[in-house]
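**Q** Between the sequences and the hints, there should be enough to build the whole structure, so can you do that?
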Amino acid sequence: MKEYSVVGKSTPKIDALDKVTGKAIYTDDVKMPGMLTGKLLRSPLPHAKILNIDTSKAEKLTGVKAVITGKDTGTKKIGVTSLTRDFLWDQTSLCIDKVRYIGDEVAAVAAVDEETALEALDLIKVEYEELPAVFDMFEAMKPGAPLLHEQFKNNISNEVFMEVGDVEKGFKDSYRVYENRFETHHQALSPMEPHSTVGSWGGDGRVTLWTSTQSPFQIRTILAYVLGLTEGQVRVIAPTLGGGFGGKVELMPMDVCCAVLSKKTGRPVKIIMSRKEEFETTRVAHPIVMEMKIGVSKDGKILAKKFRNVLDGGAYGAGGAGGAGPFLSTLFLRLDYKVANISMNAVRVCTNKTIAGARRGYTGPQVRFAECSFLDIIAEDLGIDPIEFRMKNAVTPGYTTQTGLKITSCGFPEAIEKTAECIGWKEKRGKLGNESIGVGFGGGGSVSGSSYAPDVTPMNYTAAAMVKLHKEGFVTLYSGAMDCGQGSSTVITMIAAEELGVSMDMVRTVVADTDICPYDAGSWGQRVTFHAGNAAKRAAADAKGQLFETVAKKLEAREEDLESRDNRIFVKGSPEKGMSFREAVYLCQTDHNGQEVVGRGFFRHDEKPEILNEIFASGFGNYCAAYVFSAGTAEVKVDRETGKFEVTKFCFAQDCGTALNPIAVKGQLEGGLHMGLGFAVHEHLKMTNGKIQNPSFLDYWIPTPFEMPVMNTILIEPHEKIGPFGAKACGEGSLAPVAPAIANAIYDAVGVRIKTLPLTAEKVLKALEEKEKGKS
Amino acid sequence: MEKKIVKIMVNGDWHELLVKQNMTLLEFLREELNLTGTKEACDEGECGACTVIMDGRSVNSCLVPIMEANGKEITTIEGLAKGQQLHPLQTAFIENGALQCGFCTPGMIMSSKALLDRNPCPTEMEIKGAIAGNICRCTGYNMIVEAIKTVTEPKG
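Chains as they are written, first to last, in the numbering used here: chain A, 1 to 776; chain B, 1 to 156.
Quick caveat, the hints were computed from the structure, so don't treat them as lab data. Here a beta-carbon is modelled for each residue, glycine too, at the ideal position from N, C-alpha and C.
To spell it out: a stretch of chain A is covered by chain B in this simulated footprint if at least three of its residues, at any positions, have a beta carbon under 8 angstroms from a beta carbon of chain B; those stretches are: (1) 191-198; (2) 478-489; (3) 698-708.
**A** This is how it looks when you write it as structure tokens:
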């Protein structure tokens, strides 16, 4: 294999210096002359008609510059780009006729300072007529239940159903058939940077939005639509992003309010979510109830599986990022094991609660908890070791699943074996019950570059990049892809540098400004390294090709014999026959009368748009260009007296293709484990009648360093032929193995099975007590 | 709200300003001095993103009423490097992958500095204890702890 100069070596993030010196500019750090502070008035009721809104007193308060309601923001709805805009989009920027959850946006004010804005909110009088509300998704689906949105019958907003093979025959042929039910809860995303926006409506009718977003181009499209502007009249700039985790992929009501308030006042307006608002009104993970049926042969082959996933969507989001929930919840359940007969159904249900959306791993962590727990139950009943059971059924390189997912490179079997070895599976599994110590496994597949957001043009899920070569020898890379903190800008810079044959410090990277950068669908669905990385590589190759043409002529060599490396272009095998990269750019420009050397590149999943739309509707077809796999093993120690348990060690193996920046990959795995541990054990956004009970960091417990186990990370690097330099993805799939590995380890330690998340000491203790009762 | 004059030393310079008495130290730094490196993430003293050093002690600046900071000496993240020369903790964070989104980083570094100033050779548990009030949503803390370890002075 070719020895790389830049990729494959652990490289500090290109923005690290700014971040450690406090110079990095986040949206809240954006300041402008005359800037006003905006605040949102929110519904105190879970479901009510709005009879009247009186803003007159608020408007008269000194220092208040504008008050707006749904009349000002209009009836156009917000969502993510999709063909189904009319039917699925369910949320206006500010409520018009009714409110649907506690926290729903009703009005907004802009004032000279925060204190005045908050005082103004108190002066807005809203008359409500309370409506019956529904908080349980199974109640919500019953006939006669309060309806949140007229267009969603039985409160079901999104549904997918798919069947391949003959699932009933599969069960009939099975040696044994098992049924089970698992349940997950609300996890808050809690990026450290709250949602933040600054909007400025210029005198020329153009709007500029500085906003904390993972998807600047999505924001531009929808904001333009809602405001009745062309996309050319909207510029979205994403300053440094303080974490997203899926919660910052969508246009939020606050974004529209900033723009409209700025139009009214002629001044820039900034809105920053308080931490309480962040907990109560930004996106959360879908709670899912999963009913599963699996049939197996005597020797442990899975013959048939049937699933029904019911997702709690909350008040809105059917046409937002939340709308992908049902589809993805089935995708992850037909990706990792070879099963010929599958029947799957998933529905997203509206309830009068906070809105569920995309959360890192998007439904993967939920369904993986169910599937991996269930497979352990089955393995035990069959008398097969859980690792062996998985190895018998795991997908392998080159395998095409029954539902049309084409697995290219695949390190799943290797990941399973390596994590088992790392935790000491053979020595520990089933052997340390006397000490109440156990080990458990979890793992499965995820996407490498999601192709969701099908639309009328293929452009909407494309990543594009541009490379400009300066005659002074340095390079500017332009990409629309936003760096959420994972280091994507660093990795695309490494890719461009490697392809051009220049050192990292020669490349400046400009991202996420819709006026300057080429289009990118956004940083979600493990897209960036794979999609934006491929685009950057192709743009660099395009520019390099132009240089090679010139250099070949000058050296009287053939283009294909040239190599670019370490800031020099030379004839392969004769490094003395060549010139510096800078001379080559200068020569190329001179040869073309000063024409700039600009390279262009793009990447999109090589599947026809109409097929992708069909995939989303029916589930059949190859959703992504490649797939990644993760596996984890946990060791836990349980206190039988209290039910308390400690996760003492966690081994993580990730099939990420070539690890372009190993330290960043490791960072994703360790971070995934942290968020996964929070999801599995510590984090639970609790609600009573739609009211969130713990909207603060004090009451919503995000793990500290003391809760973190000893971590071992293992990179599995099969070369992915479609990926840039063989790379795939690693950021999201890493959450999924955590909860099931811990649940399975608890079972191994003390023999109790917890089927609902989070895994708490109370549940373990109760299960232990019931187990004792059963014995006596 | 009545205004009062405060005199506070920030990163080696005295600042004498007329401010609202209900202002917090965090607001003073961010709004009055434009030192936006100190971050606001919860405004309730629960996350550590706004950590600065006041008279040698790490504090959540969102909880410090401005009158309490009057006459005191404050160090923020902007005051750590000497010109272009980074503080060893800053270098260690960069080299050890101890940051991702960076929003917790200034507070995390200030908590670590306060620890090392009073205890140059802390144990791993002491390091974890010093940053336990600083929430990081990205890294899982391991690389942060490792980065701090590289700056500690060997015992003996």
